[in-house]
Amino acid sequence: MAKILIVEDDKFLANAYRLKFSKAGYEIKIASDGQDAIDSLNTFTPDIILLDLIMPIKDGFAVLEELKKNDKWKSIPVVVASNLGQKEDIDKSMALGATDYIVKSQIPINDILVKINNVLK
Amino acid sequence: MTEFLPCEILYFMKIKYKLLLIIGFSALAIALFSILLYFSQKTEVYLLVSLIVILVLIVVVGIEAITQGNPDFKADIKARDEIERLDKSFDDRTEKLKAPYFEDLEKKVQEKTKALAQRIEELNSERQKIKEAEEKALIEEAKEEATLTSIGEGVVVTDPQGKILVFNPAAEQLTNWATSETVGRFWFETVPAMDEKGYLISRKDRDMYKALSIGKKFSSQSIYLQKGSGKITVANTATPIVFKNQVIGAVQVFRDIGHEKEVDRMKTEFISLASHQLRTPLSAMKWFCEMLLNGDAGELNPEQKEYAKNVSDSNERMIHLVNSLLNISRIESGRIIIDPKPTNINKLISEVITEIKVKSDAKKQRIIVNVHSDLPLINIDPQLIREVYINLLTNASKYTPPNGEISVVISKKDGDVISQVSDNGYGIPKKDYDKIFQKFHRGENIIKIETEGTGLGLYLVKAIIESSGGKIWFESTEGKGTSFYFSLPISGMQAKKGEVTLNS
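From first to last, the protein sequence lines are chains V and U.
Going by our numbering, the final residue of the first sequence carries number 121, and the count climbs one at a time with no gaps.
Going by our numbering, the final residue of the second sequence carries number 504, and the count climbs one at a time with no gaps.
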């Protein structure tokens with residue numbers, strides 16, 4: 001069973017993820033901000049991370065930076081799912097080591113599941 | 001000023017000559033009379049001679065009077081016929097003499113008087129003009145002074161070396177320097193400038209220096225170092241003052257753009273806020289509708305599906321509206337990135353048609369494509385032009401009844417690529433012609449038929465085409481159909497650095 005860490009501060013979106021991914025057979029951990037995500041990693045080692053960008057306390061860019069600096073975590077694939085869709089946001093995320101970038105409102109949740117499945121294949 | 005013309009001198013000489021003659025003649029007459037008186041004691045002879053002498057004298061006095069300038073003098077002698085005739089001849093001569101000479105003189109005097117009057121008049125009018133000009137100059141000066149004082153922009157005038165001559169109150173306020181401190185100093189040294197990265201701009205690169213040395217207008221944005229330690233972001237323009245092909249100074253105008261920058265920043269912030277805060281709940285609605293319809297929460301019966309479908313469609317419209325508003329906001333801010341790449345238009349159109357085919361197929365519409373066979377790769381921003389085709393084709397399908405026909409024709413004309421998107425749909429009413437590209441405008445005839453639509457599509461299309469150096473126009477007959485045309489230079493679009501992209 002694949003393990004996914006979902007970092008999303010909006011509880012409705014987090015709920016949608018939980019429903020979709022649990023039905024697809026994932027073991028899920030949800031973090032509601034960047035710091036929560038880093039803390040979760042001490043007890044939960046995911047196969048993949050789905051990461052929002054704009055969040056309180058610590059944003060997605062900072063999380064991404066921290067993950068890629070840490071030897072233990074740097075090989076975990078990170079898919080960024082944000083509603084920021086500007087080229088500079090995408091470029092910055094990819095430069096920081098993201099595997100893929102998703103603009104949430106432009107994509108069905110099923111497509112996100114497919115993308116995640118593909119990364120893990 | 002006395003002036004003797006040569007003929008006048010001659011005339012005087014003649015008068016003197018005559019006087020001499022008269023005196024000589026008189027002396028001779030007196031001498032003759034005395035001799036006769038001495039030799040003859042005869043009274044008759046004496047009387048005759050006396051008479052002759054007197055007559056001669058009268059004649060002489062007459063001549064004298066004429067020559068002395070009394071033309072009215074006429075020898076009034078009534079004596080014997082001979083003498084009368086002589087006298088008459090003198091009178092005639094007087095008249096004759098009087099006529100040309102005095103008429104001439106009078107004329108001259110008249111002319112001179114007239115000329116003098118005219119000259120006086122001229123002088124008066126000139127004096128009046130000078131007075132008016134002086135007044136006008138004073139008014140201009142007052143106006144200039146008021147303008148310079150009240151204008152919100154800093155104005156600095158320098159001599160050809162860049163030494164400050166004029167420094168207005170706004171300039172004082174913007175730089176913290178007082179006019180009295182700056183006049184006579186070099187502008188470049190008094191107010192140093194930095195670029196946006198914080199590097200000091202060298203004298204040679206200052207707008208004022210360039211305006212003075214090159215003789216052209218220069219504009220830029222920079223940061224001025226105020227007196228003390230303050231800084232101010234300004235937009236400045238330096239214009240040379242050219243007189244008789246020589247640069248005799250320059251005018252530097254600058255204004256504080258800190259506030260504009262702030263508004264710009266707020267607009268950017270709003271875009272970011274809107275995209276994030278509005279899209280987040282919209283995304284949640286989208287996904288839950290999707291999962292419902294997908295049967296994630298159990299299979300829906302047809303009625304439940306219909307309800308969920310309506311929620312989903314409305315949600316998609318909302319997402320589309322937010323995206324359109326964001327696109328408008330981006331393009332209006334002028335910060336849009338134009339990133340031209342050699343593009344195969346044929347391929348681009350095929351991709352767009354694949355995308356809109358879902359909708360046109362549902363309405364059983366036929367799409368015909370005809371692309372010029374010899375079209376090179378065109379250097380355009382594919383993302384922007386794709387947006388144009390998508391909007392035009394979506395409109396064509398949306399505003400054409402089922403079983404209608406849509407055509408796309410790409411041709412070359414002069415230096416342009418012309419794209420034509422036509423339909424045989426509802427058409428545009430004549431009274432909507434001039435509003436068709438306005439923001440939020442929707443044609444009256446189609447609002448009733450097709451409720452979906454933001455009225456932003458054509459506005460965005462026009463903005464994109466115009467920022468790409470192209471033109472857009474249309475032909476339409478209500479009830480028969482519409483053709484939209486747009487041209488793009490075959491040489492391609494100009495790249496623009498910008499900061500934002502569409503649809504993101």
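No wet-lab data here; the hints were simulated from the structure.
Worth double-checking, as some hints may not be accurate.
[To be verified] Here are the computed lysine-lysine pairs in the PhoX-like style, where the Cα-Cα straight-line distance is at most 25 Å:
id, chain 1, residue 1, chain 2, residue 2
1, V, K87, U, K347
2, U, K227, V, K87
3, U, K363, U, K412
4, U, K216, V, K87
5, V, K23, U, K305
6, V, K29, V, K58
7, U, K341, U, K398
8, V, K58, V, K23
9, U, K431, U, K480
10, U, K197, V, K87
11, U, K217, U, K204
12, U, K471, U, K412
13, U, K112, U, K88
14, U, K398, U, K309
15, U, K261, V, K87
16, U, K413, U, K197
17, U, K267, U, K197
18, U, K261, U, K231
19, V, K11, U, K197
20, U, K471, U, K448
21, U, K431, V, K92
22, V, K3, V, K74
23, U, K357, U, K309
24, U, K497, V, K92
25, U, K305, V, K92
26, U, K363, U, K480
27, U, K163, V, K92
28, U, K341, V, K87
29, U, K341, U, K471
30, V, K92, U, K341
31, U, K217, U, K163
32, V, K87, V, K3
33, U, K430, U, K480
34, U, K244, U, K197
35, U, K497, V, K87
36, V, K23, U, K309
Going through the numbered hints above, which ones does this structure break? Give me the numbers in ascending order. When the structure is compared with the hints, numbers 2, 3, 4, 7, 8, 13, 16, 19, 20, 21, 25, 27, 32 and 34 turn out to be violated.
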